[in-house]
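Number of protein chains: 4
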Amino acid sequence: MYQVDLNSDIGESFGVYELGMDREVVRYITSANVACGWHAGDPIVMGQTVEAAAKNNVAIGAHPGFPDLIGFGRRNMVISAEEAKAYTTYQIGALWAFAKSQGLKIQHVKPHGALYNMAAKDEGLASAIVDAIWQVDKNMILVGLANSKLTEAGEKMGLRVAHEVFADRAYNSDGSLVSRSTPGAVIHDTDMAVTRVLRMVKEGKVEDINGKDIEIKAHTICVHGDNQQALDFVKKIKGALLKKAIKLESMKNFI
Amino acid sequence: MYQVDLNSDIGESFGVYELGMDREVVRYITSANVACGWHAGDPIVMGQTVEAAAKNNVAIGAHPGFPDLIGFGRRNMVISAEEAKAYTTYQIGALWAFAKSQGLKIQHVKPHGALYNMAAKDEGLASAIVDAIWQVDKNMILVGLANSKLTEAGEKMGLRVAHEVFADRAYNSDGSLVSRSTPGAVIHDTDMAVTRVLRMVKEGKVEDINGKDIEIKAHTICVHGDNQQALDFVKKIKGALLKKAIKLESMKNFI
Amino acid sequence: MYQVDLNSDIGESFGVYELGMDREVVRYITSANVACGWHAGDPIVMGQTVEAAAKNNVAIGAHPGFPDLIGFGRRNMVISAEEAKAYTTYQIGALWAFAKSQGLKIQHVKPHGALYNMAAKDEGLASAIVDAIWQVDKNMILVGLANSKLTEAGEKMGLRVAHEVFADRAYNSDGSLVSRSTPGAVIHDTDMAVTRVLRMVKEGKVEDINGKDIEIKAHTICVHGDNQQALDFVKKIKGALLKKAIKLESMKNFI
Amino acid sequence: MYQVDLNSDIGESFGVYELGMDREVVRYITSANVACGWHAGDPIVMGQTVEAAAKNNVAIGAHPGFPDLIGFGRRNMVISAEEAKAYTTYQIGALWAFAKSQGLKIQHVKPHGALYNMAAKDEGLASAIVDAIWQVDKNMILVGLANSKLTEAGEKMGLRVAHEVFADRAYNSDGSLVSRSTPGAVIHDTDMAVTRVLRMVKEGKVEDINGKDIEIKAHTICVHGDNQQALDFVKKIKGALLKKAIKLESMKNFI
Numbered sequence: 001m002y003q004v005d006l007n008s009d010i011g012e013s014f015g016v017y018e019l020g021m022d023r024e025v026v027r028y029i030t031s032a033n034v035a036c037g038w039h040a041g042d043p044i045v046m047g048q049t050v051e052a053a054a055k056n057n058v059a060i061g062a063h064p065g066f067p068d069l070i071g072f073g074r075r076n077m078v079i080s081a082e083e084a085k086a087y088t089t090y091q092i093g094a095l096w097a098f099a100k101s102q103g104l105k106i107q108h109v110k111p112h113g114a115l116y117n118m119a120a121k122d123e124g125l126a127s128a129i130v131d132a133i134w135q136v137d138k139n140m141i142l143v144g145l146a147n148s149k150l151t152e153a154g155e156k157m158g159l160r161v162a163h164e165v166f167a168d169r170a171y172n173s174d175g176s177l178v179s180r181s182t183p184g185a186v187i188h189d190t191d192m193a194v195t196r197v198l199r200m201v202k203e204g205k206v207e208d209i210n211g212k213d214i215e216i217k218a219h220t221i222c223v224h225g226d227n228q229q230a231l232d233f234v235k236k237i238k239g240a241l242l243k244k245a246i247k248l249e250s251m252k253n254f255i
Numbered sequence: 001m002y003q004v005d006l007n008s009d010i011g012e013s014f015g016v017y018e019l020g021m022d023r024e025v026v027r028y029i030t031s032a033n034v035a036c037g038w039h040a041g042d043p044i045v046m047g048q049t050v051e052a053a054a055k056n057n058v059a060i061g062a063h064p065g066f067p068d069l070i071g072f073g074r075r076n077m078v079i080s081a082e083e084a085k086a087y088t089t090y091q092i093g094a095l096w097a098f099a100k101s102q103g104l105k106i107q108h109v110k111p112h113g114a115l116y117n118m119a120a121k122d123e124g125l126a127s128a129i130v131d132a133i134w135q136v137d138k139n140m141i142l143v144g145l146a147n148s149k150l151t152e153a154g155e156k157m158g159l160r161v162a163h164e165v166f167a168d169r170a171y172n173s174d175g176s177l178v179s180r181s182t183p184g185a186v187i188h189d190t191d192m193a194v195t196r197v198l199r200m201v202k203e204g205k206v207e208d209i210n211g212k213d214i215e216i217k218a219h220t221i222c223v224h225g226d227n228q229q230a231l232d233f234v235k236k237i238k239g240a241l242l243k244k245a246i247k248l249e250s251m252k253n254f255i
Numbered sequence: 001m002y003q004v005d006l007n008s009d010i011g012e013s014f015g016v017y018e019l020g021m022d023r024e025v026v027r028y029i030t031s032a033n034v035a036c037g038w039h040a041g042d043p044i045v046m047g048q049t050v051e052a053a054a055k056n057n058v059a060i061g062a063h064p065g066f067p068d069l070i071g072f073g074r075r076n077m078v079i080s081a082e083e084a085k086a087y088t089t090y091q092i093g094a095l096w097a098f099a100k101s102q103g104l105k106i107q108h109v110k111p112h113g114a115l116y117n118m119a120a121k122d123e124g125l126a127s128a129i130v131d132a133i134w135q136v137d138k139n140m141i142l143v144g145l146a147n148s149k150l151t152e153a154g155e156k157m158g159l160r161v162a163h164e165v166f167a168d169r170a171y172n173s174d175g176s177l178v179s180r181s182t183p184g185a186v187i188h189d190t191d192m193a194v195t196r197v198l199r200m201v202k203e204g205k206v207e208d209i210n211g212k213d214i215e216i217k218a219h220t221i222c223v224h225g226d227n228q229q230a231l232d233f234v235k236k237i238k239g240a241l242l243k244k245a246i247k248l249e250s251m252k253n254f255i
Numbered sequence: 001m002y003q004v005d006l007n008s009d010i011g012e013s014f015g016v017y018e019l020g021m022d023r024e025v026v027r028y029i030t031s032a033n034v035a036c037g038w039h040a041g042d043p044i045v046m047g048q049t050v051e052a053a054a055k056n057n058v059a060i061g062a063h064p065g066f067p068d069l070i071g072f073g074r075r076n077m078v079i080s081a082e083e084a085k086a087y088t089t090y091q092i093g094a095l096w097a098f099a100k101s102q103g104l105k106i107q108h109v110k111p112h113g114a115l116y117n118m119a120a121k122d123e124g125l126a127s128a129i130v131d132a133i134w135q136v137d138k139n140m141i142l143v144g145l146a147n148s149k150l151t152e153a154g155e156k157m158g159l160r161v162a163h164e165v166f167a168d169r170a171y172n173s174d175g176s177l178v179s180r181s182t183p184g185a186v187i188h189d190t191d192m193a194v195t196r197v198l199r200m201v202k203e204g205k206v207e208d209i210n211g212k213d214i215e216i217k218a219h220t221i222c223v224h225g226d227n228q229q230a231l232d233f234v235k236k237i238k239g240a241l242l243k244k245a246i247k248l249e250s251m252k253n254f255i
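If you're matching them up, the sequences are chains A, B, C and D in order.
Residues 1 to 255 in the numbering used here are what the first sequence spells out, letter by letter.
Residues 1 to 255 in the numbering used here are what the second sequence spells out, letter by letter.
Residues 1 to 255 in the numbering used here are what the third sequence spells out, letter by letter.
Residues 1 to 255 in the numbering used here are what the fourth sequence spells out, letter by letter.
Because the hints were derived from the structure by calculation, they are not lab data.
Quantities reported herein were computed from a predicted structural model and do not represent experimental measurements.
Cβ coordinates follow ideal geometry from the N, Cα and C atoms, glycine included.
Check before you lean on any hint, since a few could be wrong.
[Unchecked claim] Derived DEER-like restraints, expressed as beta-carbon distance ranges:
1) Asn253(C) x Ser179(D): 50 to 60 Å
2) Thr190(D) x Glu123(C): 53 to 63 Å
3) Gly103(B) x Ala185(C): 50 to 60 Å
4) Met157(C) x Glu51(D): 16 to 26 Å
5) Glu51(D) x Glu51(C): 30 to 40 Å
6) Glu51(B) x Glu123(C): 44 to 54 Å
Chain A on its own, in the form it takes in the complex (with noise of 0.2 Å):
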């Protein structure tokens, strides 16, 4: 039997600023990533979005970025090693506690946007976030980029790992994903992302941007709440997951 988490960023709304349709999305993934108050979402955000993971049944997981409000955490920012951890172990904490007062856990890390791409390349970096997870609790799940830096530096470790796959982007060879500069590294093809994702799901393969097919893990299919469109891919890809008898089941039943 196969088994895949269905993931998406919650959260990210700030103060009287609200973004993403999250009473929606909540109600089709089984994981969440919320953001802890440095590249979008806020305290009160934090509380409520942890409130309705938990009422939808659905895992909650720390969403780490750059302390880059203004960018919403998706400009590279050259910080140190020592930065890097401290960073991530100061926002899995500040979500922490909203998890516990709910008498809730956290499930997964998974960092954000530029700190999340940066991570997949760069050793150094993702060995840094690692290195905070399995300090402040050894059970919690990383979430990275399938064949990344990041989600080798924590199979090194010894860190439980969830390979995250993207159903709408195109794959290099080697396994990462083709940037978004580059022309096909879009699928728009919403038919075409769900075959794609099912045959990563089922056989661990997927057709490079060359048309060769490469290995990847897919432990969690990264879905979006952004807009009315991006919530009718994932009713899609649900619908197609569960006809193809693959469960939808929290990372933390399987990893």
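Starting from the structure of chain A, add chains B, C and D where the hints point.
For chains B, C and D alone, kept in the frame of chain A given last:
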């Protein structure tokens, strides 16, 4: 036998900005209030501060403040009870992660600056802070101004509560601190300050601004490490306490 | 002949966070209060907002607020007069640069949210804001609540002052706004709101919460572009004013 | 006759945090780079710094940096050209208001830290900064690393440009600074540093890291007021310059 705790705010440096003689004062105190990055402190500093406290056998406490770095958390802000609770939860959690990373626990929570002062007088704000601690961890001790709305709210909830006294401040007849703008509010004669503290600890009494005795619990004494003069006072008061066979002890051991 | 200015807060988006229907409301108003990055807005948004205002022939004003992005500048903060003056100076300057870059001038300064409300009642705070404007540029117009300490401070200093009125708010007998927590504070009947505004502009009078006429200057009317309903009201009030031959004009042309 | 400008970064204190010996160093320099609240400085500090500079007859410059207070603007951030332009515009404006309030003008703009270093090598970033200055005020002087992309971009645009040199840094053969991580990058022998500066000013030449002469314009020399040692070096270099009849002059007088 008498015992009392000596607490001090540390970990208030931020980025390149250094503040306070942390390495010195941490050698004399029994409990440290660690800034959590909102009014002061940053993740790197937090980790180092927790480490320095632990090395000196000093118990660790969260020191949550208003989101006001530019004002060092000393400016009154009118926030809702929901916000106060969420902000306190967030900051406790952030510090928790650094303590947990080093195999330590948070002993206490002491609100900082304007949040401390406002909560001493405002029942709603006090309850919000108490709620936050209660829900995160019922074992954490609340530190508040002796005889204040804050300690009252903590006791009502069933939290362990440490009443804090100030050696160099005059008290009103209701046990509140005389406002700094009032003549006589600050006691500059260190001998008198020491004498007052000894009496607070041993007799549970202090002479108020009008010369009449009032009752006061003195579980913990607030001391400072801002400069050499403050440090000298810490040494002096510690010496006087030990001379009178008053044991200096982290509050968790007797609250 | 009668004339009046219609002002609205715009440029309140921040980073990825969008707020308000700026592109719509800017077509109906004569003066724009542009957020300066402290309670809302960011440099990219500021430049775009100034451009959008200019294209629609709308005069530009600085909208300085408290350093409280998380609270949208709506929470009271106790800051010193020196701080209020410096914060106002800073924010005026920041907007000035975007105006200057496009060959434009700042017409007015209107404090935002809690700063506006506090300055309406606090002479010291009002004077600090007035001092800031006076020293940066004596030609900038101060916009404040009609009949408030803020407009009074501006007039005393010799600044050009625009008294602002609210169509949908009830007034106390002293000309101050009835607190939102009091029943009847907000006028939901848009016809009545329009009628009141017309009378304020033409007769300089409005019926207070007790049903007695009070005097009020109505140089500029505050309108909103938060949502379609707010926008519909702007169109309605604009239509009513024009029908009564009241000229809509940027305040610099008649103050 | 020879002349040169001595510039230093000042106004880097923030809230309760004090940094640098501003009151001392401002007595020796001819141009001050004033932090604008993003990587350091705050509105109160900015006003005081402008005042202190003016009292000492020191010309004022804006010192815009990345939005990274926690990293003091020293960490590389990947921002778009549009962002760089807007951030520079914002910060110039903020300082402008404090200068204007005191009847002063901004003489120059010198990017800070990582923004300065990145712009020295990145044409797009350099052009964005130059665009910002050009549009705000064509009379402001751009200060950039001598022989860099930044000075090149300024000259191409037609701005007045001051080439900045460092007394204590080694140069590569292309005129760029030797990276601090390379042995020999920093010149610790103050006599040699002084000798090098004198030659840069009088001959327009400096020996590069390989011992060959390269051409360099030395309009302004960067000095520091971080500590007593730095201050002593400022005095020494000033004395040496005056002894050689090199006039110390704010750059606006000769650029």
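For each hint, the structure was consulted:
{"no.": "1", "hint": "Asn253(C) x Ser179(D): 50 to 60 Å", "result": "58 Å, holds"}
{"no.": "2", "hint": "Thr190(D) x Glu123(C): 53 to 63 Å", "result": "55 Å, holds"}
{"no.": "3", "hint": "Gly103(B) x Ala185(C): 50 to 60 Å", "result": "55 Å, holds"}
{"no.": "4", "hint": "Met157(C) x Glu51(D): 16 to 26 Å", "result": "21 Å, holds"}
{"no.": "5", "hint": "Glu51(D) x Glu51(C): 30 to 40 Å", "result": "34 Å, holds"}
{"no.": "6", "hint": "Glu51(B) x Glu123(C): 44 to 54 Å", "result": "49 Å, holds"}
Taken one by one, the earlier hints all hold for this structure without exception.
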